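Chains as they are written, first to last, in the working numbering: chain A, 1 to 304; chain B, 1 to 320.
Everything labelled a hint here was simulated from the structure, so no lab data went into it. Warning: the hint list may mix true and false statements.
[Claimed, not checked] Derived DMTMM-like pairs: lysine to aspartate or glutamate, alpha-carbon spacing no greater than 20 Å straight-line:
| hint | chain 1 | residue 1 | chain 2 | residue 2 |
| --- | --- | --- | --- | --- |
| 1 | B | 304 | A | 81 |
| 2 | B | 304 | B | 288 |
| 3 | A | 158 | A | 103 |
| 4 | B | 97 | B | 39 |
| 5 | A | 90 | A | 34 |
| 6 | A | 50 | B | 305 |
| 7 | B | 304 | A | 26 |
| 8 | A | 50 | B | 288 |
| 9 | B | 304 | A | 29 |
| 10 | B | 304 | A | 25 |
| 11 | B | 238 | B | 208 |
Every value quoted in this text rests on a predicted model; they were computed, and no experiment measured them.
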Amino acid sequence: MSVGFGGLRLGGCVWTASGTCGYADELGEFMDMDRLGGFITKSITLEPRKGNATPRIVETDSGMLNAIGLANIGVERFIEEKVPLLAKMKAAVFVNVAGREIDDYVAVIDLLAGVEGIAGFELNVSCPNVKRGGITFGTDVGLLREITAAAKAAAAGKMLMVKLTPSVTNVSEMAAAAVEAGADALSLINTFTAMVVDIETRRPVLANRTGGLSGPAIKPIAVYMVNRVYNEVAKERGIPILGMGGIRNASDAVEFLLAGATAVAVGTASFVRPASAVRIMDGIERYCERMGVGAVAELTGALL
Amino acid sequence: MYMDEMDVGQRKGDFSAVVASNRRIGDTFWKLRLEFGGEAADAFRTFRPGQFVQIDAAGAPLPPLEQIPETLQDTAERQVMLRRPFSFTDLDVQKRKTVGEILYCVVGPATLRMTMLRPGDGIAVIGPLGNGFRVPEGKRTALLVVGGMGTAPLQHLARHLAYDHKEIDATVFAGARTTRALPFERRQDEISQGLGFALPEFSRYGMESFIATDNGTAGFHGFVTDCVGKWLDENHPKPENTIVYTCGPEVMLAAMAKLAAERRIDCQVSMERRMACGIGVCQSCAVECRVPGSNETMYRMCCKDGPVFDSREVVFGEHN
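Isolated chain A (complex conformation):
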């Protein structure tokens, strides 16, 4: 079931979310990666990053917190070692880009803008687990405009998607700022900043103290935010939304589509069932058949 996403034509409406699908080789042992609509790499930064000390995760009711700290091999090694494999994928490959300063983001995009096999970029302005950069950009309208415009200029025609944080009062304000500054698509939501306390040691469980909450626990909030951004920003401007946040099965995914998403991404669910994305795609097809829906696009924003 193909679906249009901005200027792209995708083989399916289910993507794997950044930071939950490695560099593609790991999940490939469990499912046919060519069935994915899109694949988003883990965050890539200019310099390699070791990431945070452990514990980096903790399970919570219907979810988990992570504070990986953008561990990655850096853009140069990424281009050398990972891009050749990614370029062979049928799915649209998006590189998630992170950094401390706007210049860092621009430098990464500059190096990748001419690389074949990469469909676009997902701008990580919403990572809660690094001390500078990340979420700072996603919570300040002025900074968000500035970084989006700079990234757009560097992307040299490749698609630019901005990943929004839910940790703001008015998510539509941020969405509008990103779109006005040149974003071609929006992805939402990233994780919520959260904390779990070990009452025996009286310390936060995570070495980073706080982490990002993901999983089914955040799904209803994510659906609401997608719907709000769709109605207030995306619909009239024709901007596609990649909806995500706690999607575990096809029903969850269809909720996001009806709320306004053009495609959906699966993250935490892949940790439990590595083939989740493909399983969800099959389920969406069955839903469409059952409802007499000819194309997934008919579901986008079809909420009554």
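We have chain A; now place chain B onto it with these hints.
Using the frame of chain A, we list chain B on its own:
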């Protein structure tokens, strides 16, 4: 690493296993036997000691409230989303099926649910995962150094050494805080004060075993690593022909790594970390490792690069 021990070519997958048995062997210790048929039987046939599986216990019911110890009643209410990693204590490869045995300690919502599994129940299992213990050529003496629940992969290793490496003499050292914290089948009142007595889990392979308890309630009074040091002083095996395999709390692994380095003995440690995926995508289970030829360190993943590491690689921390 040698051809017969490489993990390449092993196909991992998300399989369904059938519970063959699930029984309590101590206060909080249980043994679960899982049968794999069809494709899964083939995948698990080459499961190596030290590798692990990810078990999805979320669908199992909780035990009745009155059966849940008071100390676990709060945690019992937590919902389980993620799988839990376990190594095998034993692997039985049969013609049409492969049977793996898991030793588990009831500590939280997932392991409480696992106690409710009954023979015939189906359960989702991802595996085989990670890299197991390696047996370098030329070794004649192996010391299996166990800290509490760390016995699990070493029991499987004991079987492998007994059947496939008859050239190696293995001796087992098992430590825990107290006698009750020793996860073995032997009844606690049978555990003698003597130093050398048989743990059936290892004596079945003809291996001598020593017990050490921190409080002296059984065996050697003190840390298991001191017990190993004493044994090395008395038996002085050739360092180059000797290897230590160890699994347990990180502080014990660190002490064992230090002792092995002092005696110039190879040492492989099986590390433990909080994991989400177990397949290398979530990046949670970072183990700090030395970068060869520099003073730098890097994080390697316990699930994908380990869980077994050469002890010289690892920068041990305060984890347990």
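Okay, the hints, checked on the actual structure:
{"no.": "1", "hint": "B:304 x A:81", "verdict": "18 Å, holds"}
{"no.": "2", "hint": "B:304 x B:288", "verdict": "14 Å, holds"}
{"no.": "3", "hint": "A:158 x A:103", "verdict": "18 Å, holds"}
{"no.": "4", "hint": "B:97 x B:39", "verdict": "9 Å, holds"}
{"no.": "5", "hint": "A:90 x A:34", "verdict": "5 Å, holds"}
{"no.": "6", "hint": "A:50 x B:305", "verdict": "15 Å, holds"}
{"no.": "7", "hint": "B:304 x A:26", "verdict": "10 Å, holds"}
{"no.": "8", "hint": "A:50 x B:288", "verdict": "9 Å, holds"}
{"no.": "9", "hint": "B:304 x A:29", "verdict": "13 Å, holds"}
{"no.": "10", "hint": "B:304 x A:25", "verdict": "12 Å, holds"}
{"no.": "11", "hint": "B:238 x B:208", "verdict": "19 Å, holds"}
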